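Taking the hints into account, I'd like the entire structure generated from these sequences.
There are 2 protein chains.
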Amino acid sequence: MAKLMSLLWGAGSPPCWRVMITLEEKKLQGYKRKLLSFEKGEHKSQEVLEVNPRGQLPAFKHGDIILNESCATCLYLENQFKSQGIKLIPDSAEDQAVMYQRMMEGLALTDKLNSVIYYDCSVPEEERHDSAVKRNKEALTAELKLWEGYLENVSAGSYLAGAFSLADVIVFPSIACAFRFGLSVGRYPKLAKYYSLLKNRASIKTTWPPHWVASPQGYDILKDL
Amino acid sequence: MAKLMSLLWGAGSPPCWRVMITLEEKKLQGYKRKLLSFEKGEHKSQEVLEVNPRGQLPAFKHGDIILNESCATCLYLENQFKSQGIKLIPDSAEDQAVMYQRMMEGLALTDKLNSVIYYDCSVPEEERHDSAVKRNKEALTAELKLWEGYLENVSAGSYLAGAFSLADVIVFPSIACAFRFGLSVGRYPKLAKYYSLLKNRASIKTTWPPHWVASPQGYDILKDL
Numbered sequence: 000m001a002k003l004m005s006l007l008w009g010a011g012s013p014p015c016w017r018v019m020i021t022l023e024e025k026k027l028q029g030y031k032r033k034l035l036s037f038e039k040g041e042h043k044s045q046e047v048l049e050v051n052p053r054g055q056l057p058a059f060k061h062g063d064i065i066l067n068e069s070c071a072t073c074l075y076l077e078n079q080f081k082s083q084g085i086k087l088i089p090d091s092a093e094d095q096a097v098m099y100q101r102m103m104e105g106l107a108l109t110d111k112l113n114s115v116i117y118y119d120c121s122v123p124e125e126e127r128h129d130s131a132v133k134r135n136k137e138a139l140t141a142e143l144k145l146w147e148g149y150l151e152n153v154s155a156g157s158y159l160a161g162a163f164s165l166a167d168v169i170v171f172p173s174i175a176c177a178f179r180f181g182l183s184v185g186r187y188p189k190l191a192k193y194y195s196l197l198k199n200r201a202s203i204k205t206t207w208p209p210h211w212v213a214s215p216q217g218y219d220i221l222k223d224l
Numbered sequence: 000m001a002k003l004m005s006l007l008w009g010a011g012s013p014p015c016w017r018v019m020i021t022l023e024e025k026k027l028q029g030y031k032r033k034l035l036s037f038e039k040g041e042h043k044s045q046e047v048l049e050v051n052p053r054g055q056l057p058a059f060k061h062g063d064i065i066l067n068e069s070c071a072t073c074l075y076l077e078n079q080f081k082s083q084g085i086k087l088i089p090d091s092a093e094d095q096a097v098m099y100q101r102m103m104e105g106l107a108l109t110d111k112l113n114s115v116i117y118y119d120c121s122v123p124e125e126e127r128h129d130s131a132v133k134r135n136k137e138a139l140t141a142e143l144k145l146w147e148g149y150l151e152n153v154s155a156g157s158y159l160a161g162a163f164s165l166a167d168v169i170v171f172p173s174i175a176c177a178f179r180f181g182l183s184v185g186r187y188p189k190l191a192k193y194y195s196l197l198k199n200r201a202s203i204k205t206t207w208p209p210h211w212v213a214s215p216q217g218y219d220i221l222k223d224l
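First to last, the sequence lines map onto chains A and B. Take 0 as the starting number for the first sequence in numbering that gives the first Met the number 0 and just add one per residue. Take 0 as the starting number for the second sequence in numbering that gives the first Met the number 0 and just add one per residue.
Source of the hints: derived by calculation from the structure; they are not laboratory data. Hints should not be assumed to be uniformly reliable.
No copy labels: a pair is met if it fits in one copy or bridges any two.
[To be verified] Simulated crosslink set (DSSO-like; lysine-lysine; CA at most 30 Å straight-line):
1. Lys33 with Lys222
2. Lys144 with Lys60
3. Lys136 with Lys111
4. Lys81 with Lys26
These numbers come from a predicted model, not from an experiment.
Quick look at the structure:
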């Protein structure tokens with residue numbers, strides 16, 4: 000099955016990483032993959048635009064079926080390969096509700112991280128304001144505290160919704176990014192524990208961003224949060 | 000079942016509307032609901048914060064289960080009540096892929112609409128720039144053209160992914176907002192046809208924002224797009 004699949008991806012992008020973790024968990028190794036460079040603007044290349052008119056990564060194909068949006072791709076793969084590999088959507092109403100809830104809230108976390116980490120890349124110089132930077136940092140701090148609280152209340156183990164699930168697939172890459180960009184282990188102990196547990200999971204270790212392996216030293220943009 | 004459900008909602012909010020359409024389609028009428036006012040800041044009230052620490056609507060409860068994120072709530076309701084009412088997730092791999100893809104892309108449409116419609120509400124006066132307004136409008140125009148193209152290519156009927164599905168549930172309220180805020184019927188004929196077909200669907204008509212019924216005249220913010 001995986002032989003019919005192909006993925007255009009960019010390293011360190013949480014949306015790409017989510018799809019790669021899902022493919023590992025669903026035992027869909029052996030798919031074709033091609034690493035593209037955001038720095039060189041390869042995500043805007045004709046090759047990508049043919050699969051994804053938004054010029055964004057991931058761009059995933061399963062035979063003639065095209066999926067470009069990371070959550071959509073993960074939901075599709077789980078539903079099409081339910082009985083293969085790890086089950087990523089729990090059955091019980093309680094766990095399923097938390098799973099969908101955290102999965103979708105994970106997109107707010109990613110947005111708020113991006114609004115701080117990539118502020119200078121996404122806002123033209125003449126439109127930048129210290130007040131906006133301050134507000135974005137406050138919003139991200141509030142967001143991170145919510146997640147610290149969610150993990151505080153996790154009763155059944157250390158995952159976001161019972162067993163390892165799509166919630167972890169979607170959210171973990173953003174938590175990893177937060178620590179890569181300098182989040183304090185001391186001020187966010189639950190997030191740090193979660194990060195430290197999941198980073199050694201096989202599907203995550205195998206798909207770890209190659210340039211993070213090559214240069215383990217991260218950045219300090221988030222150190223004061 | 001619906002007797003155990005309650006919804007705090009705000010009128011005209013696409014996320015709230017999605018949940019209400021889903022409840023209708025799944026034959027879950029009879030749930031408790033309470034309309035709150037965004038203008039009066041009631042979405043930041045203690046009543047909401049107890050259910051949704053983000054202070055946003057919808058805030059939904061099913062017994063002790065809490066769901067605040069609209070896509071998560073719709074996915075949960077469809078999966079918990081699969082055989083009740085209309086089936087909102089198609090079985091075939093092709094339709095299912097398009098369904099998840101459009102559903103998730105719908106969130107980009109909502110964001111881009113909000114960045115134009117609510118620019119003045121969300122950006123403090125001293126941080127506003129004509130260049131940002133122009134860029135947001137261009138991004139929204141490109142987004143709307145994508146959707147016009149998706150509907151151009153819909154082969155099996157007039158819905159986004161085969162039969163009526165969660166993709167329509169998630170996306171329609173934003174399309175309705177776009178026309179409410181002045182989108183040109185002439186320049187977006189496929190979107191206009193889609194809007195005109197779906198607005199008479201029972202689940203949508205029943206949940207139409209009450210203040211839109213009371214004042215059918217909309218706004219013209221998007222008229223030049």
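So, going through the hints one by one against the coordinates:
no. : hint               : verdict
1   : Lys33 with Lys222  : neither (33 Å within a copy, 42 Å between copies)
2   : Lys144 with Lys60  : between (37 Å within a copy, 23 Å between copies)
3   : Lys136 with Lys111 : both (8 Å within a copy, 22 Å between copies)
4   : Lys81 with Lys26   : both (11 Å within a copy, 27 Å between copies)
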